[in-house]
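J.: Line order of the protein sequences matches chains A and B. To convert, take the position in the first sequence, counting from 1, and add 339; that gives our numbering. To convert, take the position in the second sequence, counting from 1, and add 423; that gives our numbering.
Be aware that a few hints might be false.
Here are the computed distance ranges between Cβ atoms for each label pair [claimed, not checked]:
#1 A/Ala374 <-> B/Thr457: 37 to 47 Å
#2 B/Leu622 <-> A/Met417: 39 to 49 Å
#3 B/Tyr732 <-> A/Lys412: 17 to 27 Å
#4 A/Gly422 <-> B/Leu714: 48 to 58 Å
#5 A/Ser435 <-> B/Tyr732: 18 to 28 Å
#6 B/Arg636 <-> A/Lys412: 17 to 27 Å
#7 B/Ile684 <-> A/Glu431: 52 to 62 Å
Sample of chain B residues with no beta-carbon within 10 Å of chain A, all distances over it, derived [claimed, not checked]:
#8 Thr482
#9 Pro555
#10 Leu559
#11 Ile564
#12 Met572
#13 Gly686
#14 Met725
What the hints contain is simulated information worked out from the structure, not anything from laboratory work. All figures in this text were calculated on a predicted structure; none of them were measured in a lab. Glycine included, C-beta positions come from ideal geometry on N, C-alpha and C.
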Amino acid sequence: MTLKKVESSLPTFAHRPLGELVRFENVGLRYGVGAETLTDVSFAIEPQSFQFLTGASGTGKTTLLRLIMQALKPTRGMIALFGQDTSQLDKEGLTSLRRRMGIVFQDFRLLDHLTTYENVALPLKVQGREEATYRAEVSELLNWVGLGDLMHVTPAVLSGGEKQRASIARALVAQPELLLADEPTGNVDPSLARRLLRLFVEMNRSGTAILIATHDLSLMDQIDGARRLVLADRRLHIESGHD
Amino acid sequence: MTDRSGIPRTPRFALSRLVPLFQRDPMVAADPVTDKALIAVIAIMTFLAAMTAGAAQFTASTTSRWQVLMASEVTVQLKPQGSRPIETDIVRATDILRGTTGVSSVKVFSREESSKLLEPWLGSASAIESLPIPRLIAVRIDADQPPDMAALGKAVADSVPGASLDDHRNWTRRLSRISDLFLLVSLSALVLVLTATGLAIVFATRGAMAGNREIIEVLHFIGADDRYIATQFQRHFAVLGIRGGLIGGGAALILLLALRIAGSSSVGLLDANGLSGLALPGSEMMAATVLVIVLVGLVAGMASRITVYRTIGRLA
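Working from the sequences, and respecting the hints, build out all of it.
T.: Spelled out as structure tokens, the structure:
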């Protein structure tokens, strides 16, 4: 069964922007005074699209994701997020853009002193929402990712796969327009990797654009028609949908 | 006990809804050892600050009482003038004093009483019997309509050779100066203690933020703004400051109350030892202690707020 056939159980978003979510134009990045890590990177991410970012280890996948999430500033070139030139962004603007993105970190980045529920609810809490308005929503999402019974435990007692699902749930809970995932299946077995990928596909069907950084070819082969952004020799090559 | 969604509803949770100090501050990964050490430091600082404020208040009250006591009484001193009978001069001076408006009462110290006053410096009464001891007249003044001291002094000196009036002005002035100096020193000590408290909070906040650096980064990525993050840290340290302040200030209040009780039962003993007019810890000292607790809370809140905003800028 291909994952295309998975029926979505999530609601679709009523409103989606028509413009590009991400645009890179001739972006270059160098650390210190060395050679550029990324050179002349140009691409765009459309709303509701699904793409993989791939390449050998050390080619700059995580660096590229960090540029999108504005953890790094480019040495040259232009990056626009949700139609806004990021070089013109102030702190409030940056916060506003980050609230439209969900991020799944390679190392999960769950807060160890919070429960699974509190971790997943965090993006809604920091937006100032009252707990009563999202309690049922978060519980439902945790059940959806199979963590309903582990709602009140801390990450210390979760397995790698459970942490990964909690991390994904946290990235999805605010229903972002763009989801960035860095090696989301890197720490799990193939069976769980397929289940996690299914989560991303369902999220994409509900309207979220997905960018998954991975070097796992078999994972990419499971999604027909997904675009591949391939990093090699510090440059980005775009391969349109694979069948 | 849980609610519909499985969220625990413990008594502590219920209490946190009512009392902000019991609310969890989940964004800050607290280090219990550091937090307890900080609370202890703040408690000690608050105690010292409260004691300093109490000492300043005690000095001000006692000085004020002593000044009132000294201003309500003047002394006329009659030095023996050769073979001139001093008892006659005493009667003349007493008549002038009693005839002056504003003088409430006049008390003549006998030769024995005068000798006894000098006993601590000159030895037993028998040893100074042969010395020309000055005689003293204690004059109590009506505080509501005091006489013209200069005129009264001149009248006494003109009528009685060797007589002089001491209105204790020099003593009062010196006492006032010493009191002002002590208040200045106390105020400086209070400022230093509050500064030290602020610095302790600054270092603790910076340490906590460095330890929570990854959490701050994650919070930024999931859409938290600086104000939200700052509020979490500020609240955490303000609560620690208030807790420490309450412990230290509470201890100071208990000590002041104990001193008050001990002082009340020893008033007679103090008076007998010439320490009348000492101010016992009262509502002013209690108010000063409460003010110190509030100041410590404010300093803790401000120090953590400033530090958090500066550090967040660097981390971002």
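J.: The structure should be examined with respect to each hint, and the outcome stated for every one.
T.: Right, here's what the structure says about each hint:
1. A/Ala374 <-> B/Thr457: 37 to 47 Å: holds (43 Å)
2. B/Leu622 <-> A/Met417: 39 to 49 Å: With a Cβ separation near 45 Å, B/Leu622 and A/Met417 satisfy 39 to 49 Å, so the hint holds.
3. B/Tyr732 <-> A/Lys412: 17 to 27 Å: holds (22 Å)
4. A/Gly422 <-> B/Leu714: 48 to 58 Å: holds (55 Å)
5. A/Ser435 <-> B/Tyr732: 18 to 28 Å: Holds - the Cβ-Cβ distance for A/Ser435 and B/Tyr732, about 20 Å, lies within 18 to 28 Å.
6. B/Arg636 <-> A/Lys412: 17 to 27 Å: holds (19 Å)
7. B/Ile684 <-> A/Glu431: 52 to 62 Å: Given range 52 to 62 Å: holds, Cβ gap about 58 Å.
8. Thr482: B/Thr482 is indeed farther than 10 Å from all Cβ atoms of chain A, at 49 Å.
9. Pro555: Nearest chain A Cβ is 86 Å from B/Pro555, so the label holds.
10. Leu559: Per Cβ check, B/Leu559 is outside 10 Å of chain A; nearest 77 Å; holds.
11. Ile564: holds (69 Å)
12. Met572: holds (71 Å)
13. Gly686: holds (49 Å)
14. Met725: Check passes; 22 Å lies beyond 10 Å.
The structure is consistent with each of the numbered hints, conforming to all of them.
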